[in-house]
Amino acid sequence: MQIEILENLPAETLHIANSDSLEKICDGYLGSNAIVLNFPTFTDGRAFSQARRLRRSGFKGELIASGDIRSDQARFYAQVGFSALYFTHGYNKKVIESNLNRYTDTYQNSAFTESTVFDRRIAKIEAARLSGGGAF
Amino acid sequence: MYQYDAYDHKILEKRIEEFRDQVNRRLSGELSEEEFKPLRLMNGVYLQLHAYMLRVAIPYGTFTSTQLRKFAHIARKYDRGYGHFTTRQNIQFNWPKLVDIPDILEELASVEMHAIQTSGNCIRNTTSDQLAGVAVDEVADPRPYAEIIRQWSTFHPEFAYLPRKFKIAITGASHDRAAINFHDIGLEMVKNDAGKIGFKVIVGGGLGRTPIIGSVIREFLPERHLLSYLEAIMRAYNLDGHRDNKYKARIKILVKENGIDAYRDTVEKEWEAIKHEGNTDLPEAAQQLIFNHFTPPTYTHRARHKIDFEDFFKNQQEYAHWLSNSRHDHKVEGYAAVTISLKPVGGIPGDISADQMDKLADLADVFSLGEIRSTHEQNLVFAHVHEDDLPALWQELDKIGLATPNHGLISDIIACPGLDYCALANARSIPVAQQISERFGSDERAKEIGELKIKISGCINACAHHHVGHIGILGVDKKGVESYQLLLGGNADENASVGKILGPGFSEDEIVDAVETVVDTYLALREDGESFLDAYKRLGAEPFKGALYDAN
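Each protein sequence line maps, in turn, to chains A and B.
Read in the numbering used here, the first sequence has 79 at position 78, and its numbers run on one by one without any break.
Read in the numbering used here, the second sequence has 280 at position 257, and its numbers run on one by one without any break.
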């Protein structure tokens with residue numbers, strides 16, 4: 002998994018409040034180059050769902066998590082579709098790196114994994130079958 | 024039962040590595056307690072009144088003798104020689120040292136167990152019917168679906184910081200032993216007219232400060248769409264649930280405020296979008312792989328364990344009493360399920376010593392295919408016992424103090440840890456439970472009273488489900504003094520009801536007498552064969568109020 006750490010916000014970014022449930026994603030959003038979603042406190046997880054909805058609607062630009070974001074959950078931001086983190090306070094680059102690289106398998110579909118653990122199990126059995134190894 | 028594959032093992036191994044690093048950063052001072060708190064709460068580590076507490080997940084309450092021996096080992100090596108089974112089928116250790124917790128997690132991982140998401144505002148352990156897979160009134164075995172939910176919810180990136188904790192319960196039986204009406208989501212397996220298996224989905228039930236019986240959001244959800252529908256419910260809740268007030272943050276308040284119809288509209292719309300994406304529901308082959316783990320065992324086993332006949336005939340009345348409340352019918356003829364009460368008279372509900380755990384694990388191997396279940400009423404179950412083995416099992420359980428014949432009776436009390444352990448509590452629960460069980464300690468008396476569920480919470484958060492006790496007791500703080508309110512008429516099963524407070528509270532010295540007055544009133548007024556709950560429904564609160572308050 003990867004996610005960029007931004008030192009500055011891009012020039013034209015659209016800020017969306019986390020109280021906007023984004024049930025209707027408007028064209029204005031989808032045409033932006035960069036969108037910032039805000040975590041007012043790290044325990045307020047609304048922007049995780051907002052990110053999912055934006056990506057589902059076809060938003061291809063930079064999706065930035067900002068506010069009270071935490072190094073220890075870098076992979077959660079990446080998994081739901083954020084492409085960048087913009088910290089307004091200190092962060093621990095080493096923790097972010099290890100957090101992103103630690104888990105290579107996930108049970109949930111996400112922006113970064115082509116396949117879930119469930120898919121991989123099937124693929125593994127299929128591969129074994131094709132190589133004549135039989136099921137295990 | 025489910026066995027981990029290489030993926031499950033690796034995810035767990037990585038999680039321990041991560042948590043060990045987080046604990047080290049806390050111990051070195053790099054992380055403050057405030058920064059560490061959300062990290063430990065993602066892993067079942069609480070800071071209680073006197074010490075850290077570690078809550079270990081028992082997925083849908085099913086575990087093996089090997090796992091039970093590991094609990095015994097952990098209790099001995101890292102704790103004070105006992106463990107505590109909770110109302111969500113989990114086990115807690117009350118005295119671990121923070122520095123030891125990563126090692127404990129490694130021990131647990133070696134037997135395919137963990138503490139992931141046993142705390143925090145995320146999706147918690149999915150609970151189920153303790154008779155799942157063997158119940159006679161079952162449409163289908165709910166455990167494969169509970170395992171699917173376990174995997175899907177483990178480290179779900181989107182739902183790690185919900186407005187509040189989130190609890191799912193699932194049953195496949197018509198008699199609800201899993202309290203599905205009082206969970207954030209309750210799932211009942213049903214068959215539609217075409218004979219297809221699916222779920223009746225209930226949402227927005229809960230206890231706590233605001234007890235609410237859940238509402239049906241969908242009468243029939245085809246089973247293959249379980250995860251997409253759960254995801255839709257969760258997403259709508261994550262976006263719209265209250266974040267400003269902890270006490271309004273559970274999904275029950277959102278559903279109540281919007282009305283079930285409006286909430287359903289939001290969810291169904293989201294569900295359509297998720298189904299359209301097409302990558303949330305499991306491929307059939309992946310689902311089948313999980314189902315393969317739950318193929319019913321072949322029932323040929325019989326322990327033929329030796330019986331001490333002299334002892335048996337001397338105490339056969341006691342045996343008959345135990346049998347009458349501890350034995351449950353089984354799908355397979357010739358077999359039975361057995362409740363093992365963790366409510367000895369005068370004991371602490373749900374507690375079990377390391378020695379008892381070890382011996383019980385041996386008994387599970389001999390009598391019940393090496394498998395044990397925990398119940399939300401803080402008892403244990405052997406689910407595969409041959410009928411002919413029941414006398415021998417009873418004798419062996421009796422030797423280790425686990426043959427208390429009180430399942431479903433007045434002394435089978437649910438109690439929270441209360442002020443003896445918990446930082447939130449206003450009053451002690453355990454001593455009240457102990458005194459009540461002593462007051463009604465006689466088997467004859469308990470038998471005469473019949474089915475009666477008492478539930479005691481030490482504060483309004485209702486961890487012991489006092490709202491749904493036939494008799495509920497709520498500890499409150501009354502100007503610095505512990506005071507206990509009485510509620511009557513609650514019920515957690517398919518005829519769900521919320522108990523009503525009778526009147527002014529009682530002091531610690533008065534509460535046991537008050538319970539006895541309620542029981543005596545019932546005994547005096549009941550009709551033939553009428554349970555406490557039925558009598559209360561017929562009589563209402565008045566006669567009980569009269570007996571309690573008018574005399575003064």
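By construction, these hints were calculated from the structure, which means they are not laboratory data.
For clarity, every value in this text was computed on a predicted model and none was experimentally measured.
Hints should not be assumed to be uniformly reliable.
A few chain A residues that face chain B, going by a derived Cβ cut-off under 10 Å, partial list only [claimed, not checked]:
#1 E8
#2 P41
#3 F60
#4 D106
#5 E127
Beta carbons are placed, not taken as given, at the ideal position from N, Cα and C, and that holds for glycine.
Point to revise | Hint numbers not upheld by this structure, sorted from lowest to highest | key: 1 and 3
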